[in-house]
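Q: Each chain, letter by letter, is given below.
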Amino acid sequence: MLTVALVLLIAAALAGASLLVLALRGRHTPKGIALLHGVLAAAGIVVLAATWLVVGEAPRLALGLFVIAAAGGAVVLALDLRRGGVPRLLAVGHGLIALAALALLVRFWIAR
Amino acid sequence: MPKSIWQAAAQPVSFDALERSIKADVAIVGAGITGVLCAHALVDRGLRVAVLEAGRVGESSTGNSTGNLYALVGERHGALDRKAAAQLCAARGQAVDLIENLVEGHEIDCGFVRCPWVMHASQAGHPALADARELAAAAGLPTRRATDLLPFPVADSVVVDGQAQFDPLRFTKGLAARLASDECRIYEATRVTDIDVEDRRLTTRLGDVHAEWIILATHTPKGRLLLHAELTPNREYGVAGQVKSGVLRPGIFWSADAPFHSVRLYEWQQRSYLVVVGAEHRTGAEDDTDRCYAELAQFARERFGVTPIEYRWSAQNYRSADGLPFIGRSAQSDHVLVATGFAADGLTYAGVAAPLLADVITRRDNALADRLDPQRRPALAAAKTIGAEAAHMIAGLAHDLPGLDRGDMPSLARGEGRILDRGTQKLAVHRDDAGSLHVVSAVCTHMQCIVHWNTAERTWDCPCHGSRFTPDGKVLEGPALADLAQRDLD
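Chains as they are written, first to last, in the working numbering: chain G, 1 to 112; chain Y, 113 to 602.
Because the hints were derived from the structure by calculation, they are not lab data. Yeah, the Cβ is synthetic: ideal placement off N, Cα and C, and Gly gets one too. Incorrect hints may have been included.
[To be verified] Here are the simulated distance ranges between beta carbons:
| no. | chain 1 | residue 1 | chain 2 | residue 2 | range |
| --- | --- | --- | --- | --- | --- |
| 1 | G | Gly26 | Y | Ala502 | 23 to 33 Å |
| 2 | G | Ala78 | Y | Val309 | 15 to 25 Å |
| 3 | Y | Lys195 | G | Val7 | 31 to 41 Å |
| 4 | Y | Glu131 | G | Ile10 | 50 to 60 Å |
| 5 | Y | Arg488 | G | Ala78 | 18 to 28 Å |
| 6 | G | Ala71 | Y | Asp485 | 48 to 58 Å |
| 7 | G | Ala11 | Y | Asp544 | 37 to 47 Å |
| 8 | Y | Ser133 | G | Val92 | 19 to 29 Å |
| 9 | G | Ala43 | Y | Arg518 | 47 to 57 Å |
| 10 | Y | Asp402 | G | Ala71 | 43 to 53 Å |
| 11 | Y | Arg488 | G | Ala71 | 26 to 36 Å |
Working from the sequences, and respecting the hints, build out all of it.
A: Structure representation (structure tokens):
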């Protein structure tokens, strides 16, 4: 299960990275990719949470950070739709928190 | 290109564009029948009004309507309780009286005539007729039955006498021409490009308008509002052609049978024209909009012997999740008022909105204020519609995925439009009749959904909240304030 979560979250990270690059260049961020990014991330977090609850073996700090990053991502999307542009600082912060969480998850996965 | 019979019959009335910044007590965005009736009500109460119209007075939704005025409502009448039905129908009846008084008082030549409203069915016991009878009874409107009003067999009908019809564009232009004064300044070709609700300032190309109050009489409010999540945008079509004298009497004829058709007669230049309206679909959800006109033309030919069709047009309507319009203060600001969600009953609702909004501004009580409050909590029964709207929004956003639209340019025929991928961007490409390409961003400037080509109207329509744009990306209607961005194919 942990591997499934890791794969989902890496895929989400790749989609998120492409969005961040576009946002930082001032380009339009395709909302289809944004939704895909959100769905992959949400699925990854759910699997990770299930791993923690069922198996009892999961990096809780990473999970907590992913949840914070997800909330930030929802705010980024809402502000983008409301204001017609991605708030760059918030998007970078969201990405850095998610990246930190992913690093913790990878370290945990390797150390198992 | 489509042109309504009202636009063909309209007398030319024109107003200057706004070319400097001005102040007013009330700024009204939109000079359709709602905006002009609001202006009349407010000037009547001693307020100074500025009306800003992006195009020409009355020529958008009003000039593409049916011209019917009636006390009953076509929307969800089964869901209204008796008290609400009575209150709403009474207000709508008063709205018809208001328009009649204005026609007479200002001597506006618009063919206003009292006539029956008729809902008919090909089989007895149709539930829609039972609903209509129940609603009329709740509203205290007498009904009768008649099966000889149409030139084809009708098994059952509900007839409500004393309703009305007119030429909506001649009325609106006529009233606007009589209102125009220092107290009521009307500007055409004056598009509002930004609304600052804090400063109560409207931005236009050549000047700002500062006003204590702002009324968004734009059919659906401009800007990004939560209210849009409760409104479904639909397009409905109309055709008109000459009909033999005596085929139909004056009246508003609605079919209870599917597909729905609304039929009326219009006398113009000593000729009788049949007007047929119907073929409704959600905005941006029909690939072959020419089919809608064809269906109406076939109905007019088969049932009334009308050929050829001389005029054709379409209009947008916005249905609220609970079936009632939103008229009153916007959630954005107490000083920004909206009037929307009129569904296909809009001309009469305009006459309900004008006194209600004038009451809000002049702080008078109005019995309908709470019921039609735009900030009212959605009823539980509306949850399904709101959920469906959210799903449409997500689907509209999800279409913005690179790789979905891999068409090529050589296959794009004249008159066609197509969405094309260019890297991570979506382009809306149209080839005009001369063969020239028009390329704009396919991302709607309202909430970033991907627009959809409307073949019959030759417009880009957004399926999420109904914003519409010309092939060059200019805003035609809907909540979007900004034009689609210009793009190159390279």
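Q: Now tell me, hint by hint, if it's right for this structure.
A: Tested hints:
For Gly26 of chain G and Ala502 of chain Y, the hinted distance range of 23 to 33 Å is satisfied, since their beta carbons lie about 29 Å from each other. Remark: the range hint 15 to 25 Å for Ala78 of chain G to Val309 of chain Y is upheld by a beta-carbon distance near 19 Å. A beta carbon spacing of about 59 Å between Lys195 of chain Y and Val7 of chain G contradicts the range 31 to 41 Å that was offered as a hint. Distance hint for Glu131 of chain Y and Ile10 of chain G: a CB-CB separation of about 58 Å, consistent with the stated range 50 to 60 Å.
For the hinted restraint 18 to 28 Å between Arg488 of chain Y and Ala78 of chain G, the CB-CB distance of approximately 23 Å keeps it satisfied. Here the CB-CB span from Ala71 of chain G to Asp485 of chain Y is close to 32 Å, at odds with the stated 48 to 58 Å. Against the hinted window of 37 to 47 Å, the Cβ-Cβ separation of Ala11 of chain G and Asp544 of chain Y comes to about 42 Å, which satisfies the hint. Between Ser133 of chain Y and Val92 of chain G, the C-beta spacing of about 39 Å breaks the proposed range 19 to 29 Å.
Distance hint check: the CB atoms of Ala43 of chain G and Arg518 of chain Y are about 27 Å apart, inconsistent with the given range 47 to 57 Å. Taking 43 to 53 Å as the suggested C-beta distance range, the pair Asp402 of chain Y and Ala71 of chain G conforms, at roughly 47 Å. In this structure the hint that Arg488 of chain Y and Ala71 of chain G lie 26 to 36 Å apart at CB holds, the actual value being about 30 Å.
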